[in-house]
Amino acid sequence: ELKVEQNPLFLSMQEGKNYTIYCNYSTTSDRLYWYRQDPGKSLESLFVLLSNGAVKQEGRLMASLDTKARLSTLHITAAVHDLSATYFCAAQGLVGGATNKLIFGTGTLLAVQP
Amino acid sequence: EAGVTQFPSHSVIEKGQTVTLRCDPISGHDNLYWYRRVMGKEIKFLLHFVKESKQDESGMPNNRFLAERTGGTYSTLKVQPAELEDSGVYFCASSRRTGGTEAFFGQGTRLTVV
Chain A
984 ELKVEQNPLF LSMQEGKNYT IYCNYSTTSD RLYWYRQDPG KSLESLFVLL SNGAVKQEGR
1044 LMASLDTKAR LSTLHITAAV HDLSATYFCA AQGLVGGATN KLIFGTGTLL AVQP
Chain B
20 EAGVTQFPSH SVIEKGQTVT LRCDPISGHD NLYWYRRVMG KEIKFLLHFV KESKQDESGM
80 PNNRFLAERT GGTYSTLKVQ PAELEDSGVY FCASSRRTGG TEAFFGQGTR LTVV
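Chains A and B, in that order, are what the protein sequence lines are.
Positions 984 to 1097 (my numbering) are the ones given, in order, by the first sequence.
Positions 20 to 133 (my numbering) are the ones given, in order, by the second sequence.
Wrong hints could be hidden among the right ones.
Calculated lysine-lysine pairs in the PhoX-like style (CA-CA distance at most 20 Å, straight line) [to be verified]:
id: 1; chain 1: A; residue 1: 1039; chain 2: A; residue 2: 1051
id: 2; chain 1: B; residue 1: 97; chain 2: B; residue 2: 63
id: 3; chain 1: B; residue 1: 70; chain 2: B; residue 2: 97
id: 4; chain 1: A; residue 1: 986; chain 2: B; residue 2: 63
id: 5; chain 1: B; residue 1: 97; chain 2: B; residue 2: 73
id: 6; chain 1: A; residue 1: 1024; chain 2: B; residue 2: 34
id: 7; chain 1: B; residue 1: 60; chain 2: A; residue 2: 986
id: 8; chain 1: A; residue 1: 1051; chain 2: A; residue 2: 986
id: 9; chain 1: B; residue 1: 63; chain 2: B; residue 2: 73
id: 10; chain 1: B; residue 1: 34; chain 2: B; residue 2: 97
id: 11; chain 1: B; residue 1: 63; chain 2: A; residue 2: 1024
Take a look, some chain A residues computed to stay more than 12 Å from chain B by CB distance [stated by the list, open to error]:
id: 12; residue: 1003
id: 13; residue: 1020
id: 14; residue: 1023
id: 15; residue: 1025
id: 16; residue: 1050
id: 17; residue: 1086
id: 18; residue: 1092
Pairwise CB distance ranges (calculated) [claimed, not checked]:
id: 19; chain 1: A; residue 1: 1052; chain 2: B; residue 2: 60; range: 42 to 48 Å
id: 20; chain 1: B; residue 1: 99; chain 2: A; residue 2: 1039; range: 22 to 28 Å
id: 21; chain 1: B; residue 1: 129; chain 2: A; residue 2: 1094; range: 39 to 45 Å
id: 22; chain 1: B; residue 1: 24; chain 2: A; residue 2: 1045; range: 30 to 36 Å
id: 23; chain 1: B; residue 1: 100; chain 2: A; residue 2: 1043; range: 32 to 38 Å
id: 24; chain 1: B; residue 1: 73; chain 2: A; residue 2: 992; range: 28 to 34 Å
id: 25; chain 1: B; residue 1: 80; chain 2: A; residue 2: 1097; range: 38 to 44 Å
id: 26; chain 1: B; residue 1: 89; chain 2: A; residue 2: 988; range: 33 to 39 Å
id: 27; chain 1: B; residue 1: 47; chain 2: A; residue 2: 998; range: 37 to 43 Å
These aren't lab readings, by the way, just hints derived from the structure by calculation.
Even glycine gets a Cβ: it sits at the ideal position worked out from N, Cα and C.
Whenever a hint applies, use it, and build me the whole structure from the sequences.
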């Protein structure tokens, strides 16, 4: 059974600092997603990681995937207040499976302090 | 193109009452998913429709929950009778195909049972 562990649960950062959110998953997964959620809003897709060694960057966020270690990271560079939100990782079952449902981590509430 | 829309955005009901949540997927998306986040915990899969058929309902908590998707368009999730532990945010997502395509999420319905 696919399980996802995400840490930390809460992250308070100062503007300008760097930090990393970690996402471990328990069994083989085809793809790994990172989402951002602002209060009362929908989950916004940030990155989809498909293969071992995949690295994607968008602004101050960079996501990577190590399928051998079953680990994905979301790295925040020089944080700014606008990045404050809840970030979720989610692993998807093998393509071709019956449902391809997403298995989510618990989320990381990021608060960037001025 | 309109995104996934959910109604209502908030609902407060008393224990024992009935509530019906609605989800309108993106037009042309055959796949529709329901997820739920109970306070402070991970987002959990409830069920998956392909058009009007239930592909996977393994995440439905119990028989107080009934999901329908008549005609393969919008979906409803009825909770009857509601219990305190049903409180949480219910998310709907849709995707065009089952095979590993990205799902787009609605803003969620916050359900509070008092």
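Results for each hint:
1. A:1039 - A:1051: 18 Å, holds
2. B:97 - B:63: 17 Å, holds
3. B:70 - B:97: The hint holds at about 18 Å.
4. A:986 - B:63: At roughly 11 Å apart (the allowed maximum being 20 Å), residue 63 of chain B and residue 986 of chain A satisfy the hint.
5. B:97 - B:73: 15 Å, holds
6. A:1024 - B:34: 26 Å, violated
7. B:60 - A:986: With Cα atoms ~13 Å apart, residue 60 of chain B and residue 986 of chain A stay inside 20 Å; holds.
8. A:1051 - A:986: 16 Å, holds
9. B:63 - B:73: Distance ~17 Å between residue 63 of chain B and residue 73 of chain B Cα, so the pair holds.
10. B:34 - B:97: 14 Å, holds
11. B:63 - A:1024: Answer holds: residue 63 of chain B to residue 1024 of chain A is near 17 Å, not above 20 Å.
12. 1003: At about 20 Å from chain B, residue 1003 of chain A clears the 12 Å cut-off, so the statement holds.
13. 1020: Violated: least Cβ distance 9 Å, not greater than 12 Å.
14. 1023: Violated: least Cβ distance 7 Å, not greater than 12 Å.
15. 1025: Since the minimum Cβ distance to chain B is about 4 Å, residue 1025 of chain A lies within 12 Å and the statement is violated.
16. 1050: 15 Å, holds
17. 1086: 7 Å, violated
18. 1092: 10 Å, violated
19. A:1052 - B:60: 42 to 48 Å: 25 Å, violated
20. B:99 - A:1039: 22 to 28 Å: Violated, since residue 99 of chain B and residue 1039 of chain A (Cβ atoms, about 43 Å apart) do not stay within the stated range.
21. B:129 - A:1094: 39 to 45 Å: Distance hint for residue 129 of chain B, residue 1094 of chain A is violated at roughly 21 Å.
22. B:24 - A:1045: 30 to 36 Å: 32 Å, holds
23. B:100 - A:1043: 32 to 38 Å: Hint violated: Cβ distance 47 Å, outside 32 to 38 Å.
24. B:73 - A:992: 28 to 34 Å: Since residue 73 of chain B and residue 992 of chain A have Cβ atoms about 33 Å apart, the given range 28 to 34 Å holds.
25. B:80 - A:1097: 38 to 44 Å: With a Cβ separation near 42 Å, residue 80 of chain B and residue 1097 of chain A satisfy 38 to 44 Å, so the hint holds.
26. B:89 - A:988: 33 to 39 Å: 38 Å, holds
27. B:47 - A:998: 37 to 43 Å: 42 Å, holds
Going through the hint list in order, the structure does not satisfy hints 6, 13, 14, 15, 17, 18, 19, 20, 21, 23.
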